[in-house]
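A.B. asks: Chains as they are written, first to last, in the working numbering: chain S, 1 to 181; chain V, 1 to 366.
FYI, nobody ran anything at the bench for these hints, they're computed from the structure. Heads up, the beta-carbon is just placed ideally off N, CA and C, and yes, glycines get one too. Mixed in with the good hints there might be a few duds.
What the hints assert, rightly or not - Label-pair ranges, simulated between beta-carbon atoms:
id	chain 1	residue 1	chain 2	residue 2	range
1	V	PRO182	S	ASP56	22 to 28 Å
2	S	LYS84	V	GLU37	58 to 64 Å
3	V	GLU184	S	GLU42	50 to 56 Å
4	S	GLU42	V	GLU246	43 to 49 Å
5	V	HIS130	S	GLY45	45 to 51 Å
6	S	GLY46	V	ALA53	53 to 59 Å
Stated by the list, open to error - No farther apart than 27 Å at their CA atoms in a straight line, the calculated lysine-lysine pairs in the DSS-like style are these:
id	chain 1	residue 1	chain 2	residue 2
7	V	LYS347	S	LYS86
8	V	LYS3	S	LYS166
9	V	LYS330	V	LYS159
10	S	LYS143	V	LYS3
11	S	LYS143	V	LYS4
12	V	LYS274	V	LYS299
13	V	LYS4	S	LYS153
14	S	LYS86	V	LYS274
15	V	LYS347	S	LYS84
16	V	LYS330	V	LYS274
17	V	LYS227	V	LYS274
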Amino acid sequence: MTLDVMFAGFGGQGIMLIGQMVAYAGMGEGKQVSWLPSYGPEMRGGTAYCSVVVSDNPIGSPVNRNPSCCVVMNRPSLEKFAPKVKKGGLLVVNSSLIPVTSEREDIDELLVPCNDLAMELGTAKAANMVVLGAFVGRTQVVKLESLDLLVEKQFAKKPKFIPLNKEALRVGIERGKAEAS
Amino acid sequence: MAKKLMKGNEAIGEAAVQAGCRHYFAYPITPQTEVAEYLVRRMPEVDGVFLQAESEVAASNMLFGASAAGVRTFTSSSSPGISLMAESISYIAGAQLPVVYVNIMRGGPGLGGILPAQSDYFQATKGGGHGDYHLLVLAPSTVQEAVDHVILAFELAEKYRNPVMVLGDGMIGQMMEPVQFPAEAVTEPPDRPWATVGMKNRPQNLIRSLFLNADELEANNLELRAKYDLMERDEVRFEFYHADEEMDVMVVAYGTMARIAKTAIDALRADGVKVGLVRPISLYPFPKRAVREAAGRAKAVLVVELSTGQMVEDVEWAAPEGVPIHFFGKVGGNIPPPEDISEEISKVLGGKATPRGLYGRVEEAS
């Protein structure tokens with residue numbers, strides 16, 4: 001099994017973090033992983049993206065022309081990456097901030113209002129955890145327990161945020177599972 | 001020690017610490033600044049020194065001094081920074097000092113860009129500085145290998161009293177992969193009888209690259225040459241990936257391009273295409289024999305680089321006559337996805353690609 005995914009959004013949405021969480025979780029489960037960030041001349045608020053591969057075998061290329069999964073958190077990311085998703089692949093769209101869809105018929109497109117769902121939990125900041133949950137719920141690429149452990153580690157110095165983030169993951173996972181077609 | 005997920009640049013910094021290096025002199029430059037960012041915190045924990053120099057020229061001369069004083073020392077930089085260090089690299093090679101350089105290549109020439117490139121192959125393997133010298137050059141393809149190569153680089157630098165370069169690129173520096181550090185501490189040589197550490201009761205040690213007497217300078221050059229002969233005999237490193245069998249196309253690539261090529265090769269082999277890879281790990285000494293022997297099993301060779309064609313010249317030099325050699329390169333920081341390489345291999349297979357000419361890249365129009 002090899003799964004490659006591109007996470008994309010604007011700087012500050014926690015895109016790099018959720019990519020790293022998938023890589024950490026995969027490594028914790030004994031899989032091969034790679035995480036490659038975009039590091040060009042970026043500007044504040046500009047597009048940020050990273051490419052993650054999780055595999056049972058040693059990883060060759062850390063990036064592909066057509067990723068099998070793509071998670072987009074803002075509209076420019078959808079416009080840039082949706083056409084690149086591999087046929088039969090998965091596109092997760094943050095419908096809170098993206099009023100359009102890819103209009104592709106040949107992929108599994110999952111619309112999740114991440115910011116709205118996170119707001120219901122108390123803060124839009126957890127939108128990245130919602131989308132991570134949705135992606136993992138759909139692909140089962142890593143286990144929820146692995147992500148829980150990472151949340152506990154990430155917020156070890158601010159433990160009051162742990163329950164919120166765990167809840168956001170669960171809300172996302174439900175979306176990922178429930179709408180599977 | 002358990003596996004850790006680390007960025008290439010951070011892993012390189014930790015590898016140097018694990019190798020016993022406590023003296024790091026550097027000047028920041030993208031895409032390798034995280035090496036310094038990591039070591040500015042890490043070095044004090046092990047009573048080491050990170051000194052940010054006022055320029056790369058200064059940093060490299062600090063390495064010269066520290067190494068002459070007999071301590072393990074290294075720097076990291078990226079292409080334009082290595083050019084600034086070139087003068088002292090030549091001096092250090094001439095003075096026969098063990099220093100480790102890490103070059104996380106970015107696009108050039110000049111200031112170029114900050115994205116990955118492999119366009120310093122000539123500089124690393126054929127000189128860069130003046131004079132009759134070689135660096136021993138290692139090219140990691142994964143973050144784990146970057147760690148292994150940094151540790152090996154210190155050992156080889158001391159074994160040959162010669163500067164060693166670990167040649168990576170922006171992708172290796174920036175990406176995160178699981179790494180494992182050695183379980184046991186890396187040992188340092190018990191003594192360095194050549195080091196300038198105070199005479200006491202022995203004759204004076206002199207570290208120098210200046211030999212005004214022709215015979216003395218010739219003797220130093222011949223000593224260097226003797227070391228390079230030993231390296232060419234004992235330090236050749238490479239990997240065969242399905243290259244020990246008959247191949248319709250043999251790919252030659254190093255570093256990140258080699259790992260991208262592997263994905264392309266896996267996909268084509270799943271469709272029954274006979275394609276393999278030779279991956280030079282030591283770029284100097286170049287695995288001439290391995291390339292020559294493997295190319296003898298191939299109908300065609302395709303060299304893939306993030307340059308407009310540098311290592312390909314060594315492949316042409318190594319390959320037996322009669323095997324057509326093709327080249328595919330991307331530059332400017334553009335990284336070809338594996339699909340681009342598959343398509344290039346298919347073109348070679350289908351007779352739709354033009355091999356390089358025998359007497360130049362473009363054959364004279366007849």
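A.B. asks: For every hint, state whether the structure bears it out.
C.D. replies: Cross-check of the supplied hints:
no. : hint                            : verdict
1   : V/PRO182 to S/ASP56: 22 to 28 Å : holds (26 Å)
2   : S/LYS84 to V/GLU37: 58 to 64 Å  : violated (32 Å)
3   : V/GLU184 to S/GLU42: 50 to 56 Å : violated (41 Å)
4   : S/GLU42 to V/GLU246: 43 to 49 Å : holds (47 Å)
5   : V/HIS130 to S/GLY45: 45 to 51 Å : holds (47 Å)
6   : S/GLY46 to V/ALA53: 53 to 59 Å  : violated (32 Å)
7   : V/LYS347 to S/LYS86             : holds (23 Å)
8   : V/LYS3 to S/LYS166              : holds (25 Å)
9   : V/LYS330 to V/LYS159            : violated (36 Å)
10  : S/LYS143 to V/LYS3              : holds (19 Å)
11  : S/LYS143 to V/LYS4              : holds (19 Å)
12  : V/LYS274 to V/LYS299            : holds (10 Å)
13  : V/LYS4 to S/LYS153              : holds (14 Å)
14  : S/LYS86 to V/LYS274             : holds (26 Å)
15  : V/LYS347 to S/LYS84             : holds (23 Å)
16  : V/LYS330 to V/LYS274            : holds (24 Å)
17  : V/LYS227 to V/LYS274            : violated (39 Å)
Hint check: violations occur at hints 2, 3, 6, 9, 17; the rest are consistent with the structure.
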